[in-house]
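**Student:** What follows is the residue order along each chain.
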Amino acid sequence: SQLAEENLWALSVHEGESVTVNCSYKTSITALQWYRQKSGEGPAQLILIRSNEREKRNGRLRATLDTSSQSSSLSITATRCEDTAVYFCATKRNNNAPRFGAGTKLSVKP
Amino acid sequence: EAAVTQSPRNKVAVTGGKVTLSCNQTNNHNNMYWYRQDTGHGLRLIHYSYGAGSTEKGDIPDGYKASRPSQENFSLILELATPSQTSVYFCASGGQGEVFFGKGTRLTVV
Chain G
1 SQLAEENLWA
11 LSVHEGESVT
21 VNCSYKTSIT
31 ALQWYRQKSG
41 EGPAQLILIR
51 SNEREKRNGR
61 LRATLDTSSQ
71 SSSLSITATR
81 CEDTAVYFCA
91 TKRNNNAPRF
101 GAGTKLSVKP
Chain W
1001 EAAVTQSPRN
1011 KVAVTGGKVT
1021 LSCNQTNNHN
1031 NMYWYRQDTG
1041 HGLRLIHYSY
1051 GAGSTEKGDI
1061 PDGYKASRPS
1071 QENFSLILEL
1081 ATPSQTSVYF
1091 CASGGQGEVF
1101 FGKGTRLTVV
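These protein sequence lines map, in sequence, to chains G and W. Sequential numbering of the first sequence, starting at 1, is according to the working numbering. Sequential numbering of the second sequence, starting at 1001, is according to the working numbering.
Only chain W is shown next, with the shape it has when bound in the complex (with noise of 0.2 Å):
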């Protein structure tokens, strides 16, 4: 069965903290998307990448830095938190004409 497992799936964080967000997927798929979810504008794509060691910006990536490790495995990382970065957070796999989406990630900044 499809499966794209994120963690934490909540984090408060501290103003200018470091925070990662992970992702894993067991379906194989090459490519692999980080999305933001706040009310009135959808999901907004931050990064997104193509396969292991490859990392591309999405829509609005100033303040988040991606990681692809493994085929399996894409973080995102925020290396100063601030309080707009508050949100949901949406992992989420695709290939061939399929994606699969995590359950999310609610990141509070305090």
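Just chain G, with the same shape it has in the complex (with noise of 0.2 Å):
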């Protein structure tokens, strides 16, 4: 079952510009886990945030969550061209394994 689910498929932007990847889910959870995976690598997990957390910043990336509307964001600002990739939410309730959604493709341009 696909618990969790980016809103878009895909976004553009153009360097130095700031962005925002949103999320919905479905199911009570724990944490909620946000990745990114460049062409032909593994996803990389960016940041985690707790149920009980609001907000986690790691960097140029801020991630907030709203358990009330079952909903998270990852922003990133200043982007750059090596931002380009498709980020992912994911939801991980106790310690079960992460569900994923379909992902959005961001590109970065020059």
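For the record, the hints were derived by calculation from the structure and aren't laboratory data. Where is the CB? At the ideal position from N, CA and C, for every residue including glycine. Accuracy of the hints is not assured; some may be wrong.
What the hints assert, rightly or not - Mimicking DSBU-like on lysine-lysine, the simulated pairs with C-alpha atoms at most 35 Å apart in a straight line are: (1) G:K109 x G:K56; (2) G:K109 x G:K26; (3) G:K38 x W:K1011; (4) W:K1103 x G:K26; (5) W:K1018 x G:K56; (6) G:K38 x W:K1057; (7) G:K26 x G:K56; (8) W:K1103 x W:K1011.
As the list claims (entries may be wrong) - Which chain W residues stay away from chain G? Per the calculated CB distances, all over 12 Å, these: (9) V1012; (10) A1013; (11) V1014; (12) T1020; (13) T1026; (14) N1028; (15) T1039; (16) G1040; (17) S1049; (18) A1052; (19) G1053; (20) S1075; (21) L1078; (22) Q1085; (23) Q1096; (24) V1110.
Two chains, two separate frames, one set of hints: put the complex together.
**Tutor:** Quick look at the structure:
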């Protein structure tokens, strides 16, 4: 079952701009993870935000979590060409395996 | 450094043949996971494990078996491969909120 889904299939921005990827989910969670997957590579975890947290930062990345609306967002500031990738959210429930959305393809153009 | 190693990286198998995909982790994580990735579906969970000797069914287990003989190793077995199992397979290990993925195995069943 796909318990998480990103709200847009693809986004395109220019270098230096900010961008936000949104995610909604359908079940109770203990945490939500954001991943980035570059072409030809496995996904890499960016941020884990627990259900009792509202915001988490990691450098230029900022994740928010709203458990009442069952939604999350990942914002990237000052984007770079190397941010071009597919971004996934994944739900975590206790010690269960992460369940992934279909992903949002982000293109950052020079 | 955290590492998950998958082998082989590419595999061509014959319909009806047996395929074994191997995964090794040096992260000392209890949890390990097998996903497949197809265009438009994100990553779908096939099997996972909480530790040596344990295997659990994920969301799409039909046609797959898993084996966890040790903390470090987790295999995915296709007893009778079919063309519908052509995909990219990812192994991951997880624990303490972190998840690390391997580089993937591209399997083609002809």
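**Student:** Decide, hint by hint, whether the structure agrees.
**Tutor:** Against the structure, the hints come out as follows:
Taking the CA atoms of K109 of chain G and K56 of chain G, the gap is near 26 Å; set against the 35 Å cutoff, the hint holds. The straight-line distance between the Cα atoms of K109 of chain G and K26 of chain G is roughly 33 Å, inside the 35 Å bound, and the hint therefore holds. Using a Cα cut-off of 35 Å, the hinted pair K38 of chain G and K1011 of chain W holds, with the two alpha carbons roughly 21 Å apart. Restraint check for K1103 of chain W and K26 of chain G: satisfied, since their Cα atoms lie roughly 29 Å apart, inside the 35 Å limit.
Note on K1018 of chain W and K56 of chain G: the hinted pairing is violated, with a Cα-Cα distance of about 45 Å set against a maximum of 35 Å. Proposed proximity of K38 of chain G and K1057 of chain W is supported: the alpha carbons are some 28 Å apart, at most 35 Å. Taking the CA atoms of K26 of chain G and K56 of chain G, the gap is about 21 Å. The hint holds against a cut of 35 Å. Restraint check for K1103 of chain W and K1011 of chain W: satisfied, since their Cα atoms lie roughly 14 Å apart, inside the 35 Å limit.
Non-interface call for V1012 of chain W relative to chain G: holds, since the shortest CB-CB distance, roughly 18 Å, exceeds 12 Å. Every C-beta of chain G lies more than 12 Å from that of A1013 of chain W, the closest at about 21 Å, which supports listing it as non-interface. In this structure V1014 of chain W is separated from chain G by more than 12 Å, as the shortest Cβ-Cβ distance comes to about 26 Å. With a cut of 12 Å on Cβ distances, T1020 of chain W stays outside the contact zone with chain G, its closest approach being about 19 Å.
For T1026 of chain W, the requirement that its beta carbon stay farther than 12 Å from each beta carbon of chain G is met, with the minimum near 15 Å. Distance check on N1028 of chain W: its Cβ is at least 16 Å (rounded) from any Cβ of chain G, clearing the 12 Å threshold; non-interface status holds. Distance check for T1039 of chain W against chain G: the nearest CB is about 9 Å away, which does not clear 12 Å, and the non-interface claim fails. Separation of G1040 of chain W from chain G is inadequate, the least Cβ-Cβ distance of about 6 Å not exceeding the 12 Å criterion.
Not every CB of chain G is more than 12 Å from the CB of S1049 of chain W (nearest about 9 Å), against its label as outside the interface. Once the 12 Å rule is applied to beta carbons, A1052 of chain W is consistent with being away from chain G; the minimum gap is 16 Å. With a closest Cβ-Cβ approach of about 16 Å to chain G, G1053 of chain W is found to remain outside the 12 Å limit, as its non-interface label requires. Residue-level check passed: S1075 of chain W sits 17 Å from the nearest beta carbon of chain G, beyond 12 Å.
The beta carbon of L1078 of chain W sits about 20 Å from the closest Cβ of chain G, which is more than 12 Å, so the claim that it is off the interface holds. The non-interface label for Q1085 of chain W is consistent with chain G: the shortest C-beta to C-beta separation is roughly 19 Å, beyond 12 Å. With a least CB separation of 10 Å from chain G, Q1096 of chain W falls inside the 12 Å interface cut-off, contrary to its annotation. Residue-level check passed: V1110 of chain W sits 22 Å from the nearest beta carbon of chain G, beyond 12 Å.
Violated hints, in rising order: 5, 15, 16, 17, 23; the structure is consistent with all others.
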